[in-house]
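K.L.:
So the chains spell out like this:
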Amino acid sequence: MIDFNHVTKDYDENNALDDVSVHIDDGEFIFIVGPSGAGKSTFIKLILREVSPTKGSIVVNGKTVNELSNREIPEYRRGLGIVFQDCRLLPKKTIYENIAFAMEALHKTPKQIKRQVPLVLSIVGISDKADRYPEELSGGEQQRAAIARALVNVPSILIADEPTGNLDPETANGIMKLLEEINNRVTTVVMVTHAKDIVDKMNKRVIVIDDGRIVSDKKGKYDHVEVMQNA
Amino acid sequence: MRSFMYNLKQGSRQLWRNKGTSLTAILLITSMLVLVGVCFIITTNLNLFTEVVKQDYNEVEVFLLDDVTYDDVVLLMQKVEKQDGVVSVSYRSKKVALDILKERWGNNGYLLDTLGDNPLPQSLVVTVESLDYSAGVAEYCGKLPHTDDVQYYQQTVEVLNTVTNSVQKVALIMMAFFVLISIFLISNTVKLTVMARSEEIQIMKYIGATNWFIRGPFMMEGVLIGIIAAILATLFIGVGYYEFQLVYGKMIMSVVQSALVPNSIMILNSGIIFLAIGVSIGAWGSLVSMKRFLKV
Ligand SMILES: Nc1ncnc2c1ncn2[C@@H]1O[C@H](COP(=O)(O)OP(=O)(O)OP(=O)(O)O)[C@@H](O)[C@H]1O
Ligand SMILES: [Mg+2]
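Protein chains in written order, with the numbering used here: chain Z, 1 to 231; chain H, 232 to 527.
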């Protein structure tokens, strides 16, 4: 569950989000769309508590995110999985090691790691690439590995900032199928994207942000034509 | 335990990856630790000398010329006894003086057997009521005939105390400087690794790793630098002090009438001090280097 209550975010003078209120239920699949500079990544960063709101409050999984102390942040983030456009896999580690690393960082035992890593690799469909290095994988496979890493600690919310931004449409479709499958396993998915065709095809709830405000929030197609042209 | 081994493995690997800078930092810190060690050696020995000298605090020793006769001595003793503050006066022959010196040198007393003619003068040992009288009595005795030199220990103790204090002050100031420079050196070395792994750090932050978990390997890298420098410095100090004792030990003993602090004690103590300093500056330096990178 994600709750934004009249959230405003200013970077110094620059207003990125302006009085945004939105409620996202457990298990929903949400698209965040809008032109460049609209405040989409800011929305995500607020959920991750990478930045704090200037005004308003954010409640995620029952925790008031903007009131977390620095010591509480790591524990809070363990409930979230995050995927970036540029994958951010560590180049000197194999795919297996990259994913195991996310578990090591949370003090998981070698036994847990040995059980869980192959499982998520098979969920994202790259079991055969476990011992390759990231540069030996295609863009789509790299993004699958990044999703596997985001899933390995079993988050309740998966957040993806333009995960298909660097991929051709066909590969992107594969990733979307994967995300939908993950969503069906009761993980909330919040995905930022520019791709109109993907949004239209998926027929999920779409939140349109423009100039820091939510201008549309409904299930279905991405029909906010003006916004698309600006993007 | 598992995370200690993880940190140790990561830390030493990082250290190895930056061999050049790590080595420079280690050597510079070693040489600074050696300087601290030299100060430490000087002050502990001065303290020891002071203690030895203090044993004779309330005595004034009046050295007599070799040509003095028995009657002269009796006359002198009578005169001195009448002085204010004098408790007793006794005569110390050349032989007794040598025996006392031998006893004081303890295990090293045999060294004095090699002396040919006894070079020590005969003397009158004047015991005074308290330290305050010693200067007056000494001045009086110095003017008497047949006397050569007067030695009383208040002055010596004062001089030793001043010297010890100033050496300690210099050592403290040096230490402060040294700690700052070392922290800078270590933080610079560790920062190289931190920057090389900033992406990894960021990912760990997003995953929800605690700051202490992320810091672990980097702390270990800094602490390892400190420990290696401490070990090297202890070796240098140990060997250097041993050589110094071989060459100058006898000479110092004859001048200040006290043995030097033994090598084993010196190595043990400076080793502990170096390790404590090395570990703390190592940890501190790494913390400084990471501060900026942990904000996400
Ligand atoms: N760290 C920052 N400091 C100052 N201004 C910022 C910062 N991050 C974002 N902004 C500003 O906030 C506004 C919203 O940025 P944000 O990154 O949320 O946009 P976006 O919708 O993700 O855009 P894009 O589609 O290009 O990724 C922009 O005007 C941007 O310049
Ligand atoms: Mg963005």
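The reader is advised that the hints may include incorrect statements.
Claimed, not checked - Using 20 Å as the maximum straight-line C-alpha spacing, the simulated EDC-like pairs for lysine to aspartate or glutamate come out as follows:
#: 1; chain 1: Z; residue 1: K45; chain 2: H; residue 2: E431
#: 2; chain 1: Z; residue 1: K219; chain 2: Z; residue 2: E97
#: 3; chain 1: H; residue 1: K240; chain 2: Z; residue 2: E97
#: 4; chain 1: H; residue 1: K522; chain 2: Z; residue 2: E50
#: 5; chain 1: Z; residue 1: K93; chain 2: H; residue 2: D330
#: 6; chain 1: Z; residue 1: K45; chain 2: H; residue 2: E430
#: 7; chain 1: H; residue 1: K481; chain 2: H; residue 2: D330
#: 8; chain 1: Z; residue 1: K92; chain 2: H; residue 2: E431
#: 9; chain 1: Z; residue 1: K108; chain 2: H; residue 2: D330
Just so you know, the hints here were simulated from the structure itself, not pulled from any lab data.
K.L.:
Next step is simple, just say for each hint if it's right about the structure.
P.N.:
So, going through the hints one by one against the coordinates:
Distance restraint check for K45/Z and E431/H: the Cα-Cα separation of roughly 18 Å lies within the 20 Å cut-off, and the hinted pair is therefore satisfied. Between K219/Z and E97/Z, the direct Cα distance comes to roughly 39 Å. Violation of the 20 Å bound is thereby established for this hinted pair. A threshold of 20 Å between alpha carbons decides the hint, and for K240/H with E97/Z the separation of about 16 Å falls inside it, so the pair holds. For the proposed pair K522/H and E50/Z, the alpha carbon gap of about 16 Å is at most 20 Å, so the pair holds.
A threshold of 20 Å between alpha carbons decides the hint, and for K93/Z with D330/H the separation of about 76 Å lies outside it, so the pair is violated. The straight-line distance between the Cα atoms of K45/Z and E430/H is roughly 17 Å, inside the 20 Å bound, and the hint therefore holds. For the suggested pair K481/H and D330/H, the alpha carbons sit about 17 Å apart, so the restraint of at most 20 Å is met. The hinted pair formed by K92/Z and E431/H meets the criterion: a straight-line CA distance of about 11 Å does not exceed 20 Å.
Only pairs whose Cα atoms come within 20 Å are accepted, and K108/Z paired with D330/H is rejected, the gap being roughly 74 Å.
Hints 2, 5 and 9 from the list above are not met by this structure, while the remaining hints are.
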